[in-house]
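**Q** Residues per chain, in single letters:
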Amino acid sequence: MEMAAGHHPIVMEKSPYGIPPGKLAMWCFVISDAVTFSAVLFAYGYLRVGSPDWIAPFQFFPTIVNGLVMTFVLLTSGLTMLAAVEAAKQGRTAAGTRWLWATCALGALFAVLHLLEWRRMLEEGWRLFQNPTGGSVHFGAAFFSVTGLHLLHVIGGVIALAIIAIGFARGKYNRIDVEITGIYWHFVDLVWMFVFPLVYLMNAK
Amino acid sequence: MSEAQAHAEVHHHSPPTSFIGKYVFSVDHKVIGLQYYGLGLLAVIIGMVLSWLMRLHLGWSTLAIPGLEKLSAAGAPGNVMTPEYYLSLMTMHGTIMVFFVLTNVPFAGFGNYFLPIQVGAADMSFPHMNMMSFWVTFTAFLVLMAAFFVPGGPPLSGWTAYAPLSAVGVEAGPGQGTGQTLWAISIAIFCVAQLLGALNFISTTLDLRTKGMSLARLPFSAWAWFITSVIGLLAFAVLLPACILLFLDRVAGTSFFIPSGLVISDKMQAHTGGSPLLWQHLFWFFGHPEVYIAILPAVGIVSHILPVFMRKPLLGPRVLVGCMVAIGFLSYMVWGHHMFVSGMNPFSAILFSVPTLVITIPATIATLLWIGSVYGSRMRFTTAALFCLGFISVFISGGISGFFLAQPSIDTYLHATYFVVAHFHFVMGVAAIFAMFAGTYFWMPKMTGRMMNETLGKVHFWLTFVGVYCIFMPMHYLGLAGNVRRYAAFTDDFLSPLIPVHQFITIAALITGAAQFIFLFNLIWSRLRGPKAPDNPWQATSLEWSTTSPPPFDNFGGRQLVVNHQPYEYGVEGPDGDYIMQTAPEAAKAR
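So the sequences go chain by chain: A and B. So that you can map any letter, position 162 of the first sequence is 162 in the working numbering, and since no number is skipped, the others follow by simple counting. Residues are numbered in the working numbering as their position in the second sequence, beginning at 1, plus a constant of 205.
These aren't lab readings, by the way, just hints derived from the structure by calculation. One thing to keep in mind: the hints can contain errors.
[Claimed, not checked] A short, non-exhaustive set of chain A residues, derived as facing chain B with CB atoms under 7 Å:
(1) 80
(2) 82
(3) 131
(4) 133
(5) 135
(6) 141
(7) 179
(8) 183
[To be verified] Estimated spans, in silico, between C-beta atoms of each pair:
(9) B:354 / A:65: 35 to 45 Å
(10) B:468 / A:122: 50 to 60 Å
(11) A:82 / B:468: 50 to 60 Å
(12) B:287 / A:124: 42 to 52 Å
(13) B:763 / A:95: 53 to 63 Å
(14) A:127 / B:468: 15 to 25 Å
(15) A:135 / B:375: 50 to 60 Å
(16) A:118 / B:470: 33 to 43 Å
(17) B:598 / A:172: 18 to 28 Å
(18) B:524 / A:95: 47 to 57 Å
(19) A:122 / B:465: 20 to 30 Å
(20) A:14 / B:524: 55 to 65 Å
Note that the structure is predicted; figures quoted are calculated from it, not measured. Virtual Cβ for every residue (Gly too), placed ideally from N, Cα, C.
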């Protein structure tokens with residue numbers, strides 16, 4: 001029997017989690033990535049506890065204020081993502097696309113704010129291996145590696161959101177794809193909710 | 206049809222027609238499985254040759270090995286290996302074998318080929334991602350191999366790459382420049398590939414089972430691949446950032462793993478405040494689950510094959526699956542047993558020792574289930590069956606030394622001796638390899654449509670079985686006598702009396718290695734000229750035997766399989782003989 005390309009309806013056993021493979025894979029990826037971030041945060045904690053010369057360098061203004069703004073931006077992007085998924089579920093493609101672009105824009109804003117903060121710190125003399133305040137050099141290493149890993153995930157998410165938004169508007173992607181992107185984006189947001197207290201707030205002067 | 210089911214289908218492709226589409230960039234899980242197997246075969250030959258070079262040097266440390274100077278002028282001036290180059294070869298031997306053979310063949314190789322078929326699916330959940338996983342693995346392999354050819358050669362810090370040796374850079378010794386950096390990059394790339402593969406395995410097992418294939422009816426091999434992929438999902442997620450941090454220490458001037466005040470070759474290192482122990486924690490949190498990733502598919506494969514040749518089901522099948530799950534779960538709690546002599550608090554040592562001893566319980570239960578099943582059975586002694594029995598033997602031999610090493614007091618003496626080398630080689634280097642051989646002899650007819658030669662197989666088995674005992678049993682004695690590992694030569698009064706034992710081991714290793722060429726010849730000759738294999742040469746019951754040898758592109762020729770039976774109905778009145786296939790009609794009840 002010749003196999004035609006495309007979907008071929010066959011009866012299968014019900015998945016124990018009742019969710020399609022794409023969503024399951026994204027959940028598994030999120031769990032794995034959470035372990036990766038945990039490992040990096042563990043390294044940060046290990047080195048911080050072991051460094052007698054750790055000095056908390058962050059002033060309230062500009063660093064903590066900037067961090068709060070970034071947090072607000074990312075949390076709002078989580079809301080817009082929820083709206084996008086809701087709209088997609090209800091079949092409102094135009095609205096869903098608009099909410100996706102809103103999320104994408106907020107994510108891009110987060111990335112820009114983050115990069116500007118990095119530029120300011122680099123100008124002050126911070127490096128992966130250098131601490132201009134004279135405290136532990138691990139501060140720079142931990143800060144740039146943790147926030148850098150997170151920023152990579154944000155940028156990846158922004159690109160993915162743009163691709164999904166374009167495809168969703170054209171009918172190439174469906175509500176499940178939007179939801180899968182949502183799972184990833186909420187994960188990125190969740191990681192930030194660990195990074196901000198552990199790396200920013202705990203290093204406030 | 207529910208939304209979940211509508212999206213649980215595999216997107217069916219029409220079969221590819223070009224050579225590149227069929228054999229190179231194929232999305233067919235069967236081709237990808239064979240590609241992984243082929244990569245594993247290449248890797249194991251390289252790894253084995255490295256072990257011969259190591260063993261020759263250990264037996265005869267002033268030996269000039271022809272051609273070695275061509276491989277590395279600095280590492281082997283006058284064809285005599287320097288101690289540093291011995292350590293480099295040892296590092297590459299371990300890295301290649303653990304990653305590109307043991308993590309590769311039983312899991313990615315056989316698993317990719319047979320998991321979709323055993324659950325009744327037409328392909329994996331994500332065929333394109335599957336293809337990408339293989340080519341990313343292959344890229345990692347090339348990056349690692351490049352370490353042989355860069356200035357300084359391959360790294361010498363062992364497959365465990367302990368800091369600060371692995372982190373400081375080129376001043377630490379030959380191979381610690383570009384070679385070590387390539388190692389870190391290669392392993393990081395490998396982690397990504399394994400993570401993508403794990404996603405595919407988990408999704409396929411949960412979502413793509415055909416009608417009637419409940420989780421309770423999954424074959425042991427499918428369970429093992431599923432549990433292994435869950436372990437791998439979490440374990441490789443830790444090795445990846447560890448390698449990235451190591452890379453940063455090496456090229457970006459960070460000091461994650463490098464302490465202050467380190468003086469190397471009269472030069473004070475600029476790094477401060479890092480912790481070599483941090484690397485050990487991160488590495489072994491991955492490293493211990495990794496060894497269970499290496500052995501669990503082997504356990505699954507052996508448990509799957511044994512009933513076929515015993516013509517009776519295994520005792521306690523649900524207990525066996527429970528043991529596999531327990532081993533997977535406990536594997537995350539024992540990583541500190543690799544660090545007993547790192548200066549840790551003895552109470553922490555107890556915290557790791559107890560779960561390590563507990564993990565021997567499910568392993569022992571599984572072993573007793575195998576032995577209890579084999580006892581009183583009318584075994585068909587095919588080569589595959591022999592390798593399964595051999596697996597049980599070497600698994601016990603290797604496992605027993607584990608009981609000793611699990612205790613911090615004994616481990617304080619035995620750590621970094623040949624006792625440890627004997628232990629892990631028996632369980633990983635022999636048991637897992639035996640399972641790969643069993644899987645090959647069992648499944649080659651299905652994969653290639655040709656039977657392998659049984660006589661050559663039996664000669665291969667007996668030479669290998671006797672050979673591995675000759676190689677690795679004496680190492681227990683060496684370890685107890687105090688013979689340190691990772692030494693290139695034994696020149697002092699304390700260790701030099703043991704050199705004759707090393708020479709015996711070397712000769713055994715060379716002979717056993719030569720015997721593997723019988724296997725290789727058998728593999729190639731049978732593929733080209735072997736007798737044609739029927740659909741079900743072993744009269745086995747699982748789904749792979751319900752299709753042609755080899756299976757068509759979509760595994761079942763467009764048929765929708767319906768599963769009505771457990772996978773190990775042997776020794777019963779069946780429609781075709783003393784077995785009932787999983788796809789047999791429901792009316793064909795056992796007994």
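**Q** Each hint should be assessed against the structure and marked as holding or not.
**A** Here is how each hint holds up against the structure:
Interface hint at residue 80 of chain A: violated, since its Cβ lies 24 Å from the closest Cβ of chain B, which is beyond the 7 Å cut-off. Because the beta carbon of residue 82 of chain A sits about 20 Å from the nearest beta carbon in chain B, more than 7 Å, this interface hint is broken. Using the Cβ-Cβ criterion of 7 Å, the hint placing residue 131 of chain A at the interface with chain B is not satisfied: the shortest such distance is roughly 10 Å. At about 15 Å, the closest approach between the beta carbon of residue 133 of chain A and any beta carbon in chain B exceeds 7 Å, and the interface hint on this residue is violated.
With its C-beta approaching chain B no nearer than about 10 Å, residue 135 of chain A sits outside the 7 Å limit, and its interface hint is violated. Look at residue 141 of chain A: its Cβ gets to within about 4 Å of chain B, closer than 7 Å, so that hint holds up. Checking residue 179 of chain A against chain B by beta carbon gives a least distance of about 11 Å; that is not within 7 Å, so the hint is violated. A hinted interface residue such as residue 183 of chain A counts as satisfied when its beta carbon comes closer than 7 Å to some beta carbon of chain B; here the least separation is about 13 Å, so the hint is violated.
Distance hint check for residue 354 of chain B and residue 65 of chain A: the Cβ-Cβ separation is about 52 Å, which falls outside the suggested range of 35 to 45 Å. Remark: the range hint 50 to 60 Å for residue 468 of chain B to residue 122 of chain A is contradicted by a beta-carbon distance near 31 Å. The given range of 50 to 60 Å is respected by residue 82 of chain A and residue 468 of chain B, whose C-beta atoms sit roughly 57 Å from each other. For the pair residue 287 of chain B and residue 124 of chain A, the supplied restraint of 42 to 52 Å holds, since their beta-carbon distance comes to about 47 Å.
About 41 Å separates the C-beta atoms of residue 763 of chain B and residue 95 of chain A, a value inconsistent with the hinted range of 53 to 63 Å. Taking the beta carbon of each, residue 127 of chain A and residue 468 of chain B are about 24 Å apart, inside 15 to 25 Å as hinted. At about 29 Å, the beta-carbon gap between residue 135 of chain A and residue 375 of chain B misses the expected band of 50 to 60 Å. Taking the beta carbon of each, residue 118 of chain A and residue 470 of chain B are about 36 Å apart, inside 33 to 43 Å as hinted.
Roughly 56 Å separates the CB atoms of residue 598 of chain B and residue 172 of chain A, a value that falls outside the hinted 18 to 28 Å. The given range of 47 to 57 Å is respected by residue 524 of chain B and residue 95 of chain A, whose C-beta atoms sit roughly 54 Å from each other. Remark: the range hint 20 to 30 Å for residue 122 of chain A to residue 465 of chain B is upheld by a beta-carbon distance near 25 Å. Evaluation of the 55 to 65 Å hint for residue 14 of chain A and residue 524 of chain B yields a failure: the beta carbon distance comes to about 26 Å.
Checked against the numbered hints given earlier, the structure breaks hints 1, 2, 3, 4, 5, 7, 8, 9, 10, 13, 15, 17 and 20 and satisfies all the rest.
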